[in-house]
Structure formats: structure tokens, C-alpha cells
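> Following the hints, position chain R against chain H.
Number of protein chains: 2
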Amino acid sequence: METNKENLFKIRHSAEHVFMHAMRDLGLQFLMAMGPATDDGFYFDFELLDGNISESDFPKIEAKMNEIIKQNIPIVGEEIDEKTARELFFTNPYKQEWLDEIKNKGEAITVYWTGKPHEMSSFVDLCKGPHVNSTGEIGVIKLLSTAGAYWRGNEKNKMLTRIYGTAFPTQAELDTYLEELEKRKQNDHRILGQKLDLFTFSDLVGKGLVMYTPNGTIIKNELNKALVKISRKYGVQEVNIPHMAKIDLYKISGHADKFSEELFKVTSHFDEEFVLKPVNCPHHTQIYASRPRSYKDLPIRYIESTQQHRDEKPGAMSGLNRTRSFEIDDGHTFCTPEQIKQEAINTIKIIEEFYTALGMWGNQWISLSFRDPSTPEKYIGDNNDWNTAESLLREINDELSLNAKIMEGEAALYGPKIDFMLKDALGNDRQLGTVQLDFAMPKRFNLVYIGEDGTEKTPVMLHRAILGSYGRFIANLLESTAGAFPVWLAPVQVVIIPISEKTHDYAKEVATTLFDLEIRYEIDNKDETMGNKIRKAQELKIPYMIILGEKESTAQNISVRNREGTQQFGISLSSFTDHIKNVIISKSQNL
Amino acid sequence: METNKENLFKIRHSAEHVFMHAMRDLGLQFLMAMGPATDDGFYFDFELLDGNISESDFPKIEAKMNEIIKQNIPIVGEEIDEKTARELFFTNPYKQEWLDEIKNKGEAITVYWTGKPHEMSSFVDLCKGPHVNSTGEIGVIKLLSTAGAYWRGNEKNKMLTRIYGTAFPTQAELDTYLEELEKRKQNDHRILGQKLDLFTFSDLVGKGLVMYTPNGTIIKNELNKALVKISRKYGVQEVNIPHMAKIDLYKISGHADKFSEELFKVTSHFDEEFVLKPVNCPHHTQIYASRPRSYKDLPIRYIESTQQHRDEKPGAMSGLNRTRSFEIDDGHTFCTPEQIKQEAINTIKIIEEFYTALGMWGNQWISLSFRDPSTPEKYIGDNNDWNTAESLLREINDELSLNAKIMEGEAALYGPKIDFMLKDALGNDRQLGTVQLDFAMPKRFNLVYIGEDGTEKTPVMLHRAILGSYGRFIANLLESTAGAFPVWLAPVQVVIIPISEKTHDYAKEVATTLFDLEIRYEIDNKDETMGNKIRKAQELKIPYMIILGEKESTAQNISVRNREGTQQFGISLSSFTDHIKNVIISKSQNL
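Residue numbers (this note's numbering), protein chains in the order written: chain H, -1 to 589; chain R, -1 to 589.
Keep in mind that a hint or two might mislead.
What the hints assert, rightly or not - Derived lysine to any residue pairs resembling SDA-like cross-links, with alpha carbons at most 25 Å apart:
| no. | chain 1 | residue 1 | chain 2 | residue 2 |
| --- | --- | --- | --- | --- |
| 1 | R | K294 | H | E526 |
| 2 | R | K244 | H | P212 |
| 3 | H | K231 | R | E516 |
| 4 | R | K263 | H | E270 |
| 5 | R | K294 | H | N530 |
| 6 | H | K227 | R | T511 |
| 7 | R | K223 | R | G360 |
| 8 | R | K244 | H | E260 |
| 9 | H | K223 | R | T304 |
| 10 | H | K227 | R | S584 |
| 11 | H | K294 | R | R533 |
| 12 | R | K183 | R | E562 |
| 13 | R | K103 | R | Y148 |
| 14 | R | K3 | R | M32 |
Calculated directly from the structure, the hints in this document are not laboratory data.
Just chain H, same shape as in the assembly:
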């Protein structure tokens, strides 16, 4: 039996054809380029030859699509020869380019007809299928938005028009999806980030170069502090490296060869060639190599939250999720082969403790990310080492009952890894923690230690990140909490609201107590009603509001309201500060 997912895919793929079909029947002049069904619906890219198209045109196109659906026209696949294909699409350079490619690959050419094959009134496109049998099976459709997109995603090519849409078997399913979409839009981290004043971008600084404002910096710093504190229990030490290095460093590591497209070159007025660091591992090998090491010194575990740089395409960047500079809690352990397993397990323990403190443990799925045996050119290191490393990860998976899925082709450049994945609010998989085994890089950098037998040996490297990219992590946290951070992470933990000017002095006294206890607060002295002030604090998801009227001032106590609406009147300041300190220190999810 067909799964629901396969059926949805067919429905959307066919809806996409019906969309083009409707555009044609409406007399629009355009060249079809390409478009797939996606997890959420479909999109199609085309070159509009005349006029404009905007969301206001959607109802008209949808009406025409529904007409075609109602007619229940058969959708039929056909394999054709190159000559026929070239003729069918003779006015369309995009399709001609597709045909070149199909020919180069030596694949068969298939088209799908909506209507009788080879009739002028039928719609036809180059397509591998699959589709539903006839348009009547499509259900309900909806066009969603329009955007620009480069032909084949390359900025050097022409900018095309892209229209997004979706289709579901029933109206009820579509409505649920549209509601969800609306919620997602409101929780988009870019919008929330602006509203809560967490980060910003500037055209003068450049695309994908994020700047964290004071509020966002607090969140970043608190995450880092939590991470360092947990890691310290496992003997991890912080180090600090520069942001550039001679390209020679990456020639040895292999990055210059495998990722040259992603490297930013740095030019000195003098004679050396530099790049911005895309990863930290090569620098960390140089700290390891700075002194003689003995087996007694191992494991040596470095951690560092520092920015990395990758030359992303300007069009590929998106909020905090894809940026040109991004901070990662990048760590490297150097150990003996015998120590690998325990070190990997310890890192998994750190991951568990950290995500538990964020209330996120239990939602993850785990991947054993192995080589793709069919593309050995993508990796460095020798085959035996890869086999050993992959077996070790399998053992750890069994011992800890991780129930990981094996994902071929997801390994790192230098070795296999265990990835902790989380579905974000938009349903996408996000890689969070990762533990990666590497037998290759220590050899390339000639790293050694003196073994118990007095001879030189090569250490093994474990690459690991607990939190991953701070930007991505914060984006995900924002979208999943809608900005209602746990108290320990909230940039402003308390807002003090004096009801009138008469209690401004008392507000300052209360503030001093909070300051001394290192509780993050703001005083809202603005000339507004208390109702407005509470509403504003609520919108900013500030965990607690301390409300100070003359009654509180006289009694030298406070009234507290939390962001969930719970209120307490006339309690002592110290009972509140005891409570909040406890919530902060225990990293509680509750208020």
C-alpha cells in the first residue's frame, strides 16, 4: 500500500503541472524552467516574458487550476526520443539545457501529458513522475507566495520568478496547514529577533554577517557559560585562536582542497597567502604540537566558542540559519586509541546534560553519519581507519542504546560521526550536538605522543560540538519557545513597574537589590498606564514583573506577576529573590 507521504508527493507534483497548465490557459507568456514537489507543497520557476505576476493574481490562477482539476483530465507518462523532445520544447532554452544534461547522463527522456498525448490542447512537461492518474485526484490546492530565484541556483544566471503553492487531499488538511503556517510566520526567528532586539544585520557590514545586540549577547554568553561549566567536569579546557591562518595550514588539513569554494581569501600587503578559518581543528592541532606530549598527558581536551567563516552565496543566506560568519562551540580531544570510547561517551553525557537543562532532551533523533562508499574522493584518510572508526561508533551506539539511524554520505571530511538531530519548528532537521572520530588529521599534522613503551605514537582526534552554531541554536530556540526563554537565558529576567512617580525611589531600591544579586532587570519608568506596561512586558516574554504601588512601598513589599499570568500580592522581596535565584541556578524550565 502507498504511504500517505508518497501520495502527498504525487498530488503536489501533479498540482505543480496543473499550475503551469492554468498559467498557459490564462494566456500568460512565459518559459517554464523547473520545479519540484517538496515536503510542504511545490514550487515552480519560470521566466515571465511579458508583464508582471503578483499575489493578487493568485485567485484567478487558482480558479483556473480548480477548473482543470474538476475536468479530471488524465495524466500520462511517455518515453520519447531526443528529436521529438527537442521539437516539443524548441522555443524553450531551459528545457533544451535539461535535454543536454539528460543526454550527457545517457538517461531516457520522459514527459508527462495532462490530456491526450501529442494534442495541442494538452499540457506537457519534461518529467520523471510519478503523478496521480488524473487531475481529479489532486484534491485542494493553494498558491502561497512569490519570490525570485536564479536559474539552477547560480547567481551568474538569470533571475526567474518562483511561485510556491501546496495541495492536500482535503480542505480540512489544507486549513490545518495554513493555520500552522501562520503560526510559523509569527515565530520566524527573524521577526522575533527584531521584536525582542536580539540581533541585527546591516547593509554596510554585509549579508550574513550577524551582529548581536546586548540582549542577544546575553543569551550567547549564558549558553557558553553553561556549556563550559558542564564540560569542566570532564576535564575540558578553553583555548583561544586567531581568525586567520596561512593557506598552508589548510593544505595540510585537506580543507583547501575539498572546500576551496567556501574559503574566504585574505590578502596581506606582504608575501603570504591567508584564509579566514572555516574550522578550528587545524589551529588546535598546532596548540597540541606546541610542546612534547606523553601518554600521561592524554586525553587533552580543547574547547572554544569562536567564529568561523564560510563564503556562502549571497542568495543562500537566511537569518541566523545560514550566515557567512557563525560562532560554533568547537572542541577537539586528543587521546590514545584506547581512550576513544570513553571520551566519546563523556561527550554524549555532556550533550545530554546540556539539552536537559534546556528542556530539549528526548526530542532528538540520532544519526550514525558514515561515508558514502561510492564517493571516496570526498574524504581524507585511509580505509582501515574508516572501518575501525565506524565499528567503534556502532559499538557506542549499541552500548548506550542510542537507536541511531545509519546515514550514509553524512560523514565529515576526516571521519564518521554521531549527530544529534532535532526537528525545528518548521519541521526541518537541525544538527545540534556531534561527536566525530578522526584518525586522518593527526597523521597529516605529524602529531605524536610518547607511549608507555617510550616510542612515538599518533594520537586520535575527536571533534565535537555540543550546541553547534550559536546562530542556528538561537534561531531554533526562538522558534520553539516563541521567545519565552527559560529564566536563566532570558535577557531581561525582571521588569520593575512603578505604578506612579511616587514609587520611583522605591523602584530604585528594589533594583539595587536585584543588581547585587546579578539578576537582570529593567525599570519601566515610562509615562504610560500600568496596563500598557504589563502588556509590553508580556509581549517581550519577560519572565517576571515586579509591580510597585504606594501600598507595596508603605509595606516595603512587592507584588509579582509572571509571564504566564500568575500573580502574588504583598510578598517580601527576599522571598522573591530566593525563588528566582533558585530557578536560575537550577536552570529550571518553570517560573
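Structure of chain R alone, referenced to chain H:
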């Protein structure tokens, strides 16, 4: 009356001539290039035409120099015309180049003769003086070391030989200086940094790109924490920016124009031109500009410890003092004109509190660093603003009785500043804290706030650094303490020394207590004598040693020895931890 300093300068300047004179009389073949008297002695650069010269040749040259000194030959200045000068130095292209330059400037040509003018046996050099009257006044001389140096400091020119030497009126003064020099060599931060394992460099990473090891990172982080904690009292907030930006940002700020030689260019595969950030101010203006601001929001105070990059000449780099990437605690306040004075005063208070915590307050001298009115092309901004800013700094100087010296030509690109200077262990002035007024940059970036009257106004920027460059600061701290850091900064605060294997378990128990109190410790379990372990801890300047024998284990107490040699036997662990926690929290200079 002549000061001692002026006299020393003459002695050394004359010694430098006698040095060349002696080289000539010994029959060495060379071309004189140039050489000055310095604060420490003198040096001379020359091109050796034949053979080698090394420190083993020094005694022979010194003997010849002493002969010339003993002969008490007169040293006589003379102004000569160009033709005579060209002839006098006709075989020497370096002197011809000097003569070109003197001619271009339209200055008079002077030479100094050792011996009768225009006699073949006399020594002559192009020189502006002043000198002692005759070689007999020189006192005692000493040649110190040899090095390579590019002609006029430019790598594109020929590499010359440089010889360093010194001279003093008496042997006793020379001996004191040589002793001091030996001590300085031992306290050189590059040597101490290696010994205490604080930082490292790697040829693969590149010159001047420092990597901090775990110990050095602890010091950096502790300094930053202390700084942020003090700053927080004055409403300063941390922000976080990327390490690159479009060059457009620096075209507006003026850096692209004034410092283009120091900028590292970053090349993307796409179309924009980037540079590595040489300063933070332009980025911080963009955070300010990310939302509308009202006078009620001001002052806004950003601080950030982050790396900056400058394209230093490979030959100019030196340990942590001059590097291509360096971290600075760079901060910027945006305020109204009325708030400038209080904000500047608050920053000076932060500086005072910070340096007091390091036991360094009281040794500084203060500079009011103003424009050089003769080189207006070096600055941006308009004249009235400069005058206002300089008057304001004078007022602050008077009000706080800073007794600052006015240093013309030491201003920043955008405005005058108050600099806090410290003489380092080598007698050089090092800039530590700085407060800088800037009316220019906010205008260039069109920054605004809504004033109390509802109209748009331009804020003023204060640039400030408390600690300055972390690298330079740590170098200075290392050289002045010889590595004996105050306890709160010491990378390892306690070493636990079990006397034999029998007390290894007890050592672990003690360690757990220290760990829980966040005291930084190491256990020295190595198979060595207790004497050796104590000596090693002493050499590494570890503040406290906890020594655990069977006696201590049985009594469940500890013996403690501090790095100054004071010992306490059989005290309770908790009395020690109370003491050390107190020393750490109060940032005491004592043990």
C-alpha cells in the same frame, strides 16, 4: 645645566661614531648606512662588503674603541656644501641617498669629524650632532648583540647588519645596566610565556597570529570577567560582532582612506569587497543604528572583547606586543553632548578600579593626546568639534586633578583622547586605558536620536578601552610580575602534592572539594621527590602547594606552602579554602 639624559645621549651618539671609527681602523670593508643613540644605548646599520661579523669579534672591536677613547680625540661639527659632501661619501650609495633627502628638505648639511677635519686619518659621518667634545668624555662602552635590519626598515630594501651597543659614564653604571638587562631577558614575556605554557605561535598558522593555550586562556577570560563586572556598575552592555565587513563600512568611517596599508583584504567568490575589521567602532555604530533611539535611551554603552586585525610587516612583529591579530576590550558610548563629561569620568573610574585590582594604580602617567595642528590631513571631523573636544578633556583633567601631559600629535583619527600610560619592565611607555571623544563618526554614519524637543540630533561617541590589547597587557603583566600573578589570575591556583602513593586517594578527595569551589588546581602525581615537586611549583609561580603525607591523611587535614615560602602544617582544608576564596574574590595582591 645639562640633564643626565642629554649627557647620556651625547655619550652614546659619540660612542656610535667611535664604533664605526674602530671598525674602519681594523680594516673591515663596509658601507655605513645609519644609526642613532637610543634610550638604552646605540645601534649602527651597515653593509658588510667582505666576510662576516659575529659577537666573537666584539672584544677586538671594543679594544680598538677603547684605544680611540683613550686618545681623547676631539669631535668637531662642520657645515659643508653639497659638492663637498657628495665627494666625501662618493663610494657610499646610502649616504648619497641621505644627501638627496637633506637637499629635498632644503636643510643644511652637517658632518662630524673625529680628529682634525678633512684629514684622511680622521673619521667623518653625516650627522646633526650633538656630541661630546672629545672621545675621552665617552666613558665605558660595551657591544651587546648583532641582528639583521632592512635599509630604512623596508623589507623591499637590502638587509644590512645591525650592531647594538651601549655606553655609560662609569663602569658601575654599566654593570648595573648589564645586570638589569640579564634580569629583563629572563623576564622576557616570550620566554616566560613558553615556560608557563600561556601561548604559542606556529609557522603553519603564520607570524603574529597568537594562540592562547589553556593557561593563557584562563588569564584572558579572568581579565575579561573582571572588566565586565566593573563595567556593569556603569550600565555598560556586551555586544558581539563579526570579524569582517564590506570595505564600504570603512570608507564611511575613514579607516579605508587613512589606514589602507594596515587593512587585510578579504575576497569572496562573489561580488563584494571585504576587509578584516581593524577596529570595532563602525560595527558598533550599526548596532546603534538598528533601531530608532530617543534621548531617553541614552547613554547607550557597548563593550566587547574581540579580535582586531592589522597587516603588520612580518619583521615588525614581536611576541605579544605587536601581532597581526590582537584582542582589545573595545567599547563605545553613544550619548548627548551634555552627558559626555560624566561618561568620560565614569570610564576613568572603571580604569582606576580595574588597575587597583591589579595593584597597578599609582604607577601610571596620563596623556592628553591632542591633534598635531601642523598635520590636519591625518584627522577627520571639523575644527570646531576638535576644539570643543579638546577643551572638554582639559576640563576633566582639571576637575579630576589628573596632572596629564599634553601630547600633540597623539590624537586618534576622529578626536582627542586621555591615555593612561605605564612604563613597562623594559622602560617603554605602554598605553593601557584610553578615553576618546568623537564628534566626527556619528555624523559620517548619520546616527541620530530624537531629542527632548522632538527633533533629530546627532549623538557623540566615546571610544574607550580599559585594558587595551590583551596580548600587550599580558606581556606587561608577565614582565612586571615574572609570572607571579595575583591568585585570582593564576592559571593554576593550587598544586596538590601527595608525598607517596599512599595519599593519592586523599589527594583526590581534597581535589573534589577544590573543584566544587571552582578553585583551579592540579595534582602532581608524578614519580618524583617532594623536593622536586615543590621546586617545580615554585618555578611555575603557583600560589599555593597543598602537601599531603600520611600524617595529614590520618588527621584529615592539610599542610600548605605558598610560593613565597610561608608554610602552615596540619590546618583544616576548610580554613584554607575560606582563605583562598577570600583572596580570590577580593582580588587581593597578597597570598
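> Look at each hint and say if it fits the structure.
Each hint tested on the structure:
Restraint check for K294(R) and E526(H): satisfied, since their Cα atoms lie roughly 14 Å apart, inside the 25 Å limit. Of the pairs offered as hints, the one joining K244(R) and P212(H) holds, with about 23 Å between alpha carbons and a cut-off of 25 Å not exceeded. Between K231(H) and E516(R) the CA atoms are separated by roughly 11 Å; this keeps the pair inside 25 Å, and the hint holds. At roughly 13 Å between alpha-carbon atoms, K263(R) and E270(H) fall within 25 Å of each other, so this suggested pair holds.
Our distance criterion of 25 Å between C-alpha atoms is met by K294(R) and N530(H), whose separation comes to about 18 Å. Taking the CA atoms of K227(H) and T511(R), the gap is near 16 Å; set against the 25 Å cutoff, the hint holds. Using a Cα cut-off of 25 Å, the hinted pair K223(R) and G360(R) holds, with the two alpha carbons roughly 23 Å apart. A distance of roughly 18 Å separates the Cα atoms of K244(R) and E260(H); the hinted pair therefore holds under the 25 Å criterion.
Distance check on the hinted pair: K223(H) and T304(R) sit about 17 Å apart at the alpha-carbon level, within 25 Å; holds. Between K227(H) and S584(R), the direct Cα distance comes to roughly 22 Å. Compliance with the 25 Å bound is thereby established for this hinted pair. Under the criterion of a C-alpha separation no larger than 25 Å, the hint pairing K294(H) with R533(R) is consistent with the structure, at around 21 Å. Taken as a hint, the K183(R) and E562(R) pair is honoured in the structure, with Cα atoms around 22 Å apart against an allowance of 25 Å.
Distance check on the hinted pair: K103(R) and Y148(R) sit about 23 Å apart at the alpha-carbon level, within 25 Å; holds. At most 25 Å may separate the alpha-carbon atoms for a hinted pair to count; K3(R) and M32(R) meet this at roughly 22 Å.
The structure agrees with every numbered hint stated previously.
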